Amino acid sequence: ETGVTQSPTHLIKTRGQQVTLRCSSQSGHNTVSWYQQALGQGPQFIFQYYREEENGRGNFPPRFSGLQFPNYSSELNVNALELDDSALYLCASSFASGGPNTEAFFGQGTRLTVV
Amino acid sequence: AQSVTQLGSHVSVSEGALVLLRCNYSSSVPPYLFWYVQYPNQGLQLLLKYTTGATLVKGINGFEAEFKKSETSFHLTKPSAHMSDAAEYFCAVSMNTGFQKLVFGTGTRLLVSP
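From first to last, the protein sequence lines stand for chains A and B.
Heads up: the first sequence is residues 5 to 119, going by the working numbering.
Heads up: the second sequence is residues 2 to 115, going by the working numbering.
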């Protein structure tokens, strides 16, 4: 059984560019959540996808968007990058409807640096 | 709105000493509560969670936490620290309905000295 894998592990982008981060869910999991963890802070919820539909969203602007594919892998897209978007982006997968007491399994994250 | 406060951004203990990491939450309804650990350059790993039932919850690696509703607290403890416990620890809450949206505290870095 493979865990949650994210790619790339590190990325450097220029302000104003667009970026796509990828996540492969743990086997059997159909729900994916994305979190942003700024340096020295706790992770902040961006959004969640369940069966290819957005299931909930945190307080992030529309330039943060996502996709979930039929194999339950997922992408996070960020347009018009800003310096404050520099952070560790974490993907978490879980089983079933992602109910509030479900254990979420986290990937190792993608470190995005915007210069 | 929910929020989590972790007192102490850094906690230092000696190997073999008691570990106590504090977490207080604010929520309009009793939430679900979680503790996660993050080792350097890694993602988050669930240590334990409280949903319903027994208020003393045991987790992995010898950690446990007690839910105290009257104090809105969920402090994490371990009787005897090991060097391998050095990491960042995050307390999180989630509403007990709907989808899981974890609200995290700012984290506490545990330092263990020989």
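Do not take every clue at face value.
[Said to hold, decoys possible] Some but not every residue of chain B turned toward chain A, in silico, with C-beta under 7 Å:
# : residue
1 : Phe91
2 : Gly108
3 : Thr109
If you are wondering where the hints come from, they were derived from the structure by calculation, not from laboratory data.
Small disclaimer: the values here were computed from a predicted structure and weren't measured.
We put the beta carbon where it would ideally sit given N, CA and C, even for glycine.
Results for each hint:
1. The interface hint given for Phe91(B) holds, since its Cβ lies 5 Å from the closest Cβ of chain A, which is under the 7 Å cut-off.
2. With a cut of 7 Å, the hint placing Gly108(B) at the interface with chain A holds, because the nearest CB-to-CB distance is about 5 Å.
3. Among the interface hints, the one on Thr109(B) is violated; its C-beta lies about 10 Å from the nearest C-beta in chain A, farther than the 7 Å criterion.
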